[in-house]
Every structure is written in structure tokens, then in C-alpha cells.
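Chains as they are written, first to last, in our numbering: chain X, 1 to 112; chain A, 1 to 114.
I should point out that these hints are in silico values taken from the structure, not numbers from a laboratory. Computed from a prediction, not measured in an experiment: that's the story for all the values here. Cβ atoms here follow ideal geometry from the backbone N, Cα and C, with glycine treated the same way. Hints may contain errors.
Beyond 12 Å from chain X on every Cβ pair, some chain A residues (computed) [what the hints assert, rightly or not]:
#1 GLN6
#2 SER27
#3 ARG73
#4 VAL113
#5 LEU114
List of simulated lysine-lysine pairs, DSBU-like, C-alpha gap at most 30 Å [to be verified]:
#6 X:LYS52 x A:LYS13
#7 X:LYS69 x X:LYS52
#8 X:LYS69 x A:LYS57
#9 X:LYS69 x X:LYS3
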Amino acid sequence: DAKTTQPTSMDCAEGRAANLPCNHSTISGNEYVYWYRQIHSQGPQYIIHGLKNNETNEMASLIITEDRKSSTLILPHATLRDTAVYYCIVRVLDSSASKIIFGSGTRLSIRP
Amino acid sequence: KAGVTQTPRYLIKTRGQQVTLSCSPISGHRSVSWYQQTPGQGLQFLFEYFSETQRNKGNFPGRFSGRQFSNSRSEMNVSTLELGDSALYLCASSLALDGTGELFFGEGSRLTVL
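With the rest of the complex left out, here is chain A (with noise of 0.2 Å):
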């Protein structure tokens, strides 16, 4: 079955514009999560989305903001773009909260910020 489907896969914007990037889970997971990494930073993760609903948040400015859609697709934003939000913005799903807990990552959108 298809994996989980980022979009766009690379991006370029400058400072100061705001860009929406999208998710699309494995076919049946509910739940979706953004993660954004960075050489300094590693894996850190934003958001977690389930059934519509954010379940969790991680330590990021009410710039990133996300969505779920009610067939599981998820968008993420961040306005106002800064130099430091140039990274690699990872999707993962997975069946359910309380599953084996299994995450299947997406290839990831890479943002370049001039």
C-alpha cells in the first residue's frame, strides 16, 4: 500500500512569507504527526493530530500552526517565515493512539528560507 506522502518535497521562500506544506497518511491511520529537523536541533517534534483533533503540541511559536481534515490529511503552516525555519519538516502516521505504536515517516519537505 502507498506510504505516507509529503508535499511539496522542496520549497523555497523568503523571509517574512508563510508556507503551507501537506501530509497525506498511509490509508486507515488516524493519527498524523509533524516533526522538524535540523542540524542544531535534530528531531523535534510540533504537533500530533488525531481524528481531526490536536492531541499534542510540542515547544514551537503559534507561527507553525496545523490541521487535520476529515480524511486524515493533514497541512501544516508556519508564517512569517524566519532564516531558522529552514529544515527538513517530517509527516508520520499511525493506526491509532494505542496501537503498537508503530510511526511511518514520510520522506519529509525540505524548506530553504532566503
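Chain X with its partners taken away, still in its complex shape (with noise of 0.2 Å):
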């Protein structure tokens, strides 16, 4: 699987969108990107992915560029709930679908 690279932390304004990037350079065709956050002392909760397409759900916007080599996730109306570790993970969908390598991820911060 693709290795990927996030900010180690970033901040944002309760109210504002939160835009988070995360480069891959290296994805493979079959690769999707997911996004995952851990809020602490929980299990990781699963936000959205994609593979060429823009797509939204109602957590999320994903944004993949149009060579795939990064995308950025946004957070529309941040709250303090999101105040979270988040993770972009890439990976294909086959028979090591489980097998997630996770990076260290981006400690968001929502202040007041």
C-alpha cells in the first residue's frame, strides 16, 4: 500500500471548515483513499473515501486532485466534537483489504 504524508497537527476556528491535505504520491490506479479520525481514548470511526471523484457524505467532503496524488478532506462547520486524530490512509480493496497501514496522522484542534 501507498505510503501517505499529513501535517502533524493543524488548528481551526469553531464555525470554520476545516481543510485537512494529505499527499500520496505514489497511489497506484487501484488504490482508494479513505479517511479515518480517532477522538481520544476511542477506536478509530470512519469517515469517507474515494478513488477518482470528488465525494461528500454528511461528515465530509473528500477532494482527490485530478492526478491523485493528494486529496484534502473538509470539515464544512467545525465543531470542538472533531477535535480529533486524523488519518488518510490509501489501500485497494482485495483480499488485504484489512491490512491498513496508518501514518501518524493529523491532530486537529478546534478552538472556541
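Dock chain to chain to rebuild the complex, using the hints, since each chain is given by itself in its own frame.
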């Protein structure tokens, strides 16, 4: 699985959009981009995933560049409850689907 | 529906002992994977089971083992515990290997080795 690079930490004002970048320059054509987040002392929580097209769900939006070498997770209206470590992961969906390689993630702090 | 359940949530062991952790996946999920999380190494993949068969294994010594039962419940065992085994052990379940790939994690079992 390709590796990802994320900033160590970021902060965002409550109510504003939080934009979390991720670089995955070695991504393969069949690898998806996934985002998970981990709130302190809890298990990671799935947020969103995509292959080529931008995706949106009730939690966030995922913007993938045309060359697929980077992506941005957007939390449209950040709240204090969005304070967490956010992991960007790339992986294929095959028999090794569950062998996720987590990087260090981005620690997002939401300030009041 | 009920989420992934891990037991026990907290436990303390001493060096040399062994420990067994349990994971009950979401009903209908057949894939169960295990991860170790430590402050220094982050989240690391241990192994993954599907239909009672180990499909993938991470780079951990043989002291770490696991199994999956016919009802998809899974256990992992760590023998001859070392201080460095102190960690949060997370279990995740998913519907199938070729599904959306979404993993559902439990709250974890926090192991302290003294």
C-alpha cells in the first residue's frame, strides 16, 4: 500500500471549514483514499473514501486532485467534537483489504 | 445495531504472563482485524481473519496469535508478555473483503504490563 504524508497538527476555529491535506504521490491506480479519525481513547471512526471523483457524505467532503497524488478532507462547519487525530490512508479493496497502514495522522484542534 | 465489542476494556498483567483478548464483530460481519496502538509506534496491523482463516499478518513476533470462531467472534493471545506489549489493542470488523472497505472499530482493550 502507498504511503501518505500529513501535517502533524492543525487548528481551526469553531464554525469554520477545516481543510486537512494529505499527500499520496505513490498511489496506484487501484488504490482508494480513505479517511478515519480517532477521538481520544476511542477506536478510529470511518469518515469517507474515494477513488477518483470527489465525494461528500453527512460528515465531510473529500477532494482528490486530478493526478490523484493528493487529497483534502473538508469538515464544512467544524465543532469542538471534531477535535481528533485524522488519518489519511490509501489501500486496495482486495483480499488484503483490512491490512491498513496507518501513518501518524494530523491532530486537529478546534478552538472556540 | 450493536457495534464491535471488545473485552476486557482494561487489564493489568506482569511480565511473562499471557493474555487473551476477545472481539465480537458487528452481526453479519465476517472479517475481523486486530491492531496495536502505542504512543511510539502508532497504529500497527497485527492480523486479519475471514471465515475462520487468517488472511493477513503484520510484522509481529510469534508470541502474538489469534483465531476466529464460526460465529465470527475473534480472540487474540499474547504469550510471555513484555513491557513493550503495553498498548491499546483494537479490533475492527467489516462486512466483506471486497466491500466498501469500511472498518468498524471497537473501543479497544488497554493492556498494561508491569
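Here is what the structure says about each hint:
| no. | hint | result |
| --- | --- | --- |
| 1 | GLN6 | violated (8 Å) |
| 2 | SER27 | holds (18 Å) |
| 3 | ARG73 | holds (16 Å) |
| 4 | VAL113 | holds (19 Å) |
| 5 | LEU114 | holds (21 Å) |
| 6 | X:LYS52 x A:LYS13 | violated (47 Å) |
| 7 | X:LYS69 x X:LYS52 | holds (10 Å) |
| 8 | X:LYS69 x A:LYS57 | holds (28 Å) |
| 9 | X:LYS69 x X:LYS3 | holds (11 Å) |
The structure fails to meet hints 1 and 6 from the earlier list, while all remaining hints are met.
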